[in-house]
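Asker: Residue numbers (the working numbering), protein chains in the order written: chain S, 1 to 204; chain G, 205 to 581.
You can take every hint at face value.
Listed below are the simulated DSSO-like cross-link pairs for lysine-lysine, each with C-alpha atoms no more than 27 Å apart in a straight line:
(1) S:Lys105 / G:Lys506
(2) S:Lys33 / G:Lys380
(3) S:Lys74 / G:Lys506
(4) S:Lys74 / G:Lys502
(5) G:Lys511 / G:Lys260
(6) G:Lys391 / S:Lys33
(7) S:Lys33 / G:Lys384
(8) S:Lys105 / S:Lys74
(9) S:Lys74 / S:Lys143
(10) G:Lys485 / G:Lys500
(11) S:Lys152 / S:Lys74
(12) S:Lys74 / G:Lys500
(13) S:Lys74 / G:Lys260
(14) G:Lys246 / G:Lys555
The set of hints was computed from the structure by calculation and includes no laboratory data.
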Amino acid sequence: MSSTVFDYFTNIRNAFTSIFHGLAVTFSYLFRKPTTIQYPDRIDTPVQQMLPPLFRGILEVDVGLCIGCNLCEKTCPLGCLRTAVVRDPETNQRYITRFDVDISKCMVCGLCSENCPTGAVRHSTEFEASTANMVNLVIRYVKPGERIPVHKPVKGEESPGLPQNEPIARAHKEWDEPPPVDPDQVRGRVRWKNDGAPEEEQSS
Amino acid sequence: MTQLILEDQHGETTMVNMGPQHPSTHGVINLRLLLQGEVIAKIDPIVGFLHRSIEKLGEMTPYPGFLPYTDRVDYLSAMFGNQVYCMAVEELLGVEVPRRAEYLRVIACELNRIISHLIAVGTMAMDLGAFTPFLHAIRERETVNDFMERICGARINYSYMRIGGVPRDLEPGLDKDILKFLDRFEKFIPEFNRLITGNEIFVRRLIDLAVIPAADAISCGLSGPNLRSSGVDYDLRRDRPYSAYPEFEFRVVTGEGYRGQTGDCYARYWVRIDEMLESAKIVRQALLGLPEGDVKAKVPRKITPPKGEVYSAVESSRGEMGCYLVSDGGEQPLRVRFRTGSFTAMTVLPKIVPGLMVADLTAFFGSLDVVAPEIDR
Numbered sequence: 001m002s003s004t005v006f007d008y009f010t011n012i013r014n015a016f017t018s019i020f021h022g023l024a025v026t027f028s029y030l031f032r033k034p035t036t037i038q039y040p041d042r043i044d045t046p047v048q049q050m051l052p053p054l055f056r057g058i059l060e061v062d063v064g065l066c067i068g069c070n071l072c073e074k075t076c077p078l079g080c081l082r083t084a085v086v087r088d089p090e091t092n093q094r095y096i097t098r099f100d101v102d103i104s105k106c107m108v109c110g111l112c113s114e115n116c117p118t119g120a121v122r123h124s125t126e127f128e129a130s131t132a133n134m135v136n137l138v139i140r141y142v143k144p145g146e147r148i149p150v151h152k153p154v155k156g157e158e159s160p161g162l163p164q165n166e167p168i169a170r171a172h173k174e175w176d177e178p179p180p181v182d183p184d185q186v187r188g189r190v191r192w193k194n195d196g197a198p199e200e201e202q203s204s
Numbered sequence: 205m206t207q208l209i210l211e212d213q214h215g216e217t218t219m220v221n222m223g224p225q226h227p228s229t230h231g232v233i234n235l236r237l238l239l240q241g242e243v244i245a246k247i248d249p250i251v252g253f254l255h256r257s258i259e260k261l262g263e264m265t266p267y268p269g270f271l272p273y274t275d276r277v278d279y280l281s282a283m284f285g286n287q288v289y290c291m292a293v294e295e296l297l298g299v300e301v302p303r304r305a306e307y308l309r310v311i312a313c314e315l316n317r318i319i320s321h322l323i324a325v326g327t328m329a330m331d332l333g334a335f336t337p338f339l340h341a342i343r344e345r346e347t348v349n350d351f352m353e354r355i356c357g358a359r360i361n362y363s364y365m366r367i368g369g370v371p372r373d374l375e376p377g378l379d380k381d382i383l384k385f386l387d388r389f390e391k392f393i394p395e396f397n398r399l400i401t402g403n404e405i406f407v408r409r410l411i412d413l414a415v416i417p418a419a420d421a422i423s424c425g426l427s428g429p430n431l432r433s434s435g436v437d438y439d440l441r442r443d444r445p446y447s448a449y450p451e452f453e454f455r456v457v458t459g460e461g462y463r464g465q466t467g468d469c470y471a472r473y474w475v476r477i478d479e480m481l482e483s484a485k486i487v488r489q490a491l492l493g494l495p496e497g498d499v500k501a502k503v504p505r506k507i508t509p510p511k512g513e514v515y516s517a518v519e520s521s522r523g524e525m526g527c528y529l530v531s532d533g534g535e536q537p538l539r540v541r542f543r544t545g546s547f548t549a550m551t552v553l554p555k556i557v558p559g560l561m562v563a564d565l566t567a568f569f570g571s572l573d574v575v576a577p578e579i580d581r
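Construct all of the structure, not just a fragment, from the sequences and the given hints.
Answerer: And the structure:
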């Protein structure tokens with residue numbers, strides 16, 4: 001530490017000079033291009049389109065491509081996907097009767113989309129999911145009562161999949177829209193109660 | 205803290221709770237201080253506010269499904285959590301990871317180390333009242349985050365690695381962009397040093413403060429930059445090689461030769477600055493010598509390792525991060541245990557802190573680079 005008068009003044013000089021070194025760096029930024037962008041209103045292209053195609057945003061599902069293998073539901077560590085498949089006993093055709101994704105639970109790890117054999121489950125680049133009601137975050141890709149025949153992939157043919165960076169079709173931005181269900185009924189575990197969907201049949 | 209034994213000359217002591225909500229504790233942690241005037245007589249770190257029972261969750265989740273949780277062990281260096289868990293399961297399974305995948309893992313991990321150390325030095329300066337360097341550090345961090353987004357699709361919780369390798373290859377053109385960034389980054393560090401590291405006020409604030417002797421550092425179980433800044437030349441990347449690290453040349457930075465004493469706060473700060481440059485060197489070597497081949501080994505979809513136990517450790521940006529895994533032959537681990545660097549850094553507080561001023565504790569705590577979720581898991 002400073003023991004002599006000389007050291008004392010040297011310290012003061014060092015402090016001054018080093019501050020001006022730092023200020024010179026700061027000053028040089030006056031002549032550089034700014035690095036910030038003014039999200040969300042002062043940008044030319046939406047952020048969703050600027051993101052890399054690998055970006056893991058909200059899950060989106062193309063039910064027309066689903067083969068009903070149930071792998072996504074099995075791999076999800078949180079159980080945020082819920083699917084159901086029924087088989088018509090006469091024609092032996094299998095139908096998807098339920099495909100729900102709970103975004104509020106999803107931690108966008110990418111395990112389900114990686115395991116999906118046809119690319120029916122995938123991540124979009126959509127990330128703005130704020131909504132006034134948590135119920136809106138449960139996306140039902142198959143409406144109750146609807147039956148969608150499972151996809152039969154042609155051998156040796158690449159699955160088409162959804163186009164890259166396509167904005168997600170669903171948009172829950174209707175703030176004043178009344179919630180579809182009583183919110184108290186769907187909180188926590190009650191949410192996944194079998195609400196009218198036909199019983200799940202184990203596909204072989 | 206039932207008995208207040210210590211007293212100042214007026215026979216008075218004060219008990220102060222620093223935290224759980226305190227800006228300088230970098231998360232939710234409570235430091236219970238016993239003060240004599242402004243001097244700390246005793247410190248009692250109380251941890252556990254951020255306990256999320258990640259280890260218990262590991263026992264309830266199948267092996268591949270636990271991987272996203274390992275991001276959350278240390279959210280500032282999620283890649284190391286991924287790697288240590290994947291290494292443990294791979295050792296149990298006896299899977300050999302392809303060489304290209306190992307290189308990609310090293311690239312991702314070292315970029316992650318740069319991110320984490322940028323936050324460490326930035327927040328340390330911010331704790332001491334200098335806000336500008338923090339913004340400069342964050343700006344560089346955002347650039348690396350953009351690369352991370354292109355590598356694995358996320359900016360913070362990467363979930364990048366898979367058991368047996370990595371899920372996908374680098375996208376074309378990314379290696380050139382990273383190399384371009386590294387050139388810029390190596391010029392940014394001297395600029396950052398001019399901005400704050402060489403600042404005489406900053407230096408005077410940190411040198412000779414809270415010196416951790418090498419013997420204390422070892423006996424407290426410190427690891428990583430905190431141990432190395434005490435002059436102990438120990439780095440898991442070199443001393444217990446894993447992944448592709450034996451193939452790269454890098455210097456293990458120790459806290460000797462900087463201004464002030466070995467093991468003081470300024471040495472801890474400098475070790476992190478220099479480690480960023482070393483990490484940049486490793487990334488450059490790995491990108492230039494990236495071998496061809498697969499990125500993922502063949503692993504069955506349903507992972508059921510044979511009975512046994514395994515411990516794997518990596519050199520995380522906060523010290524040794526270890527994963528102890530016991531398998532009973534089922535789909536879920538019987539026991540998962542994480543060893544993290546921040547938790548052991550808490551044990552050094554009662555040894556070093558008594559005698560410091562309250563304001564110096566902020567500087568010391570910042571220099572330890574503790575992340576609260578990593579303490580509790």
